[in-house]
Amino acid sequence: MTSILIVDDSSAMRSVIKRIITLSGFETEAFLEACDGEDALEVLRRESVDLIISDINMPRMDGESLLREIVADPVLREVPVVIVSSDATESRAGRLLEIGASAYLVKPFQPQMFREKLEQVLEAVHG
Amino acid sequence: MADLSALLNTAAEEVLENMFFSGVTGELPGEPGGDRLSATVSFVGSSEGELTVSATASALSALAAGFLGEEDDAVSEAQLQSVAGELANVLCGAVLGHLNPKGSFRIAPPRIAREQDGNAIREMEVRKLFELLEGDLAVGLTVH
Amino acid sequence: MTGTQVVVGVADCRVTKDAAASIVTYALGSCIAVAIHDPVTRVGGMLHLMLPESSLDTVKAERNPYMFADTGIPALFRQAYAAGAEKKRLIVRIAGGAQVMDDNGTFNIGKRNCLTVKKVLWKAGVMIHAESTGGRDSRTVRLEVDSGRFLMRTAAGPEQELGGRISAQAEGFVMRCQE
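Line by line, the protein sequences give chains A, B and C.
Residue 56 in our numbering sits at position 56 of the first sequence; the count goes up by one each step and never skips.
Residue 116 in our numbering sits at position 116 of the second sequence; the count goes up by one each step and never skips.
Residue 156 in our numbering sits at position 156 of the third sequence; the count goes up by one each step and never skips.
Keep in mind that the hints are not guaranteed to be accurate.
[Stated by the list, open to error] Keeping only pairs whose Cα atoms sit at most 25 Å apart, straight-line, the calculated SDA-like set for lysine to any residue is:
hint, chain 1, residue 1, chain 2, residue 2
1, C, K123, A, S91
2, C, K123, B, N18
3, C, K17, C, P39
4, C, K88, A, R95
5, A, K18, C, R89
6, A, K117, B, S104
7, C, K88, C, R63
8, C, K17, C, G135
9, C, K88, B, S104
10, B, K102, A, M113
11, A, K117, C, V6
12, B, K102, A, R95
13, A, K117, B, G69
14, C, K88, B, E13
No lab work stands behind these hints, which were simulated from the structure alone.
Using the sequences provided together with the hints, build the complete structure.
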């Protein structure tokens, strides 16, 4: 049972991420989507997921705040979080990895770059 | 000023090539024309300002199709707007990352608008009209 | 070298199930080689394309679809399916797109070929497993049909394998929930 939550205020971006995951052959039973951090927490209250992919700059609650909420929760902290953001600054990437993100990928990226990053994260989780 | 101009060139190439499978074939003189869709993001932090992109519906459709992996004529209005917004967001992030990689920024959600003849970027500090295979892309950048 | 050499010329395409074969194409320059392989039915195929869009010359595209990325790639895949390949199993690798002439413009034909190939594959719903593109060296590549190995060399160095490691997810995976 593989359930992935994609958090991004851009529906186009959510669609691209879903497409990459599907075309890469990752067996995914369900894609859940949220348009920002608050929306994501609401989804996570109802559903259990195996992987969270999140943007940073979003309305209401950004990805950094969402990540902090996730790692503070005894159940949610076990779920790997991959941050995907247009923020290319060193401080942001460093801080989010320190808080507990499993990976940080900067937009723009080519589809295979995203797939490789995801493979690394999943192998680390399984390994 | 020259810095921002070169930065915009570099960032536009990076973003268009990696996420849109497109590229800048040149820069066009003059003002953008026609009915256009624009997306504007403002940013705060180490620097403050705004970035705007604007393109005709047909250029944006072709760009959106490349981004989404769809055929050119299969892109909805909602997808067009979402793609325009994401283009502005990612381009802004790329510019800021080059401008100040050791800085910190927050980028606001994009504002979408219809505009004509480049009105959306007319008042901006740096203005570019990139020639793409899909048509042209106007970009405006102001750093306060 | 043992085994059959199946040579792909410029603006050409070959698909084979001959387990003893290597499909090879030479001196890619700004051209792009698209190599595909089904590891289950061991169908191998390679396209050597020259130009990005067939709209550049529809008459030529009619006579030889392999010249262009947007007509050549679908033709390559169709031939592979006819030989027993399945889309979701195909391992796809690309090579070439070098900048071979001294060019003032930043948007040279090699780069344009590369972007168009990637766009065509993305729209077709196919992921690229490995690539070696850009730069200035002209590449020669071969695909071993039995093993699926994709090897590349340039004037600069010895033959090297591209994209040797197929990850676990290519075989499919299921993630378990943390209890």
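Next item on the list: Give me the numbers of the hints this structure contradicts, sorted from smallest to largest.
Entry: Per hint list: 1, 4, 7, 8, 9, 11 and 14 violated.
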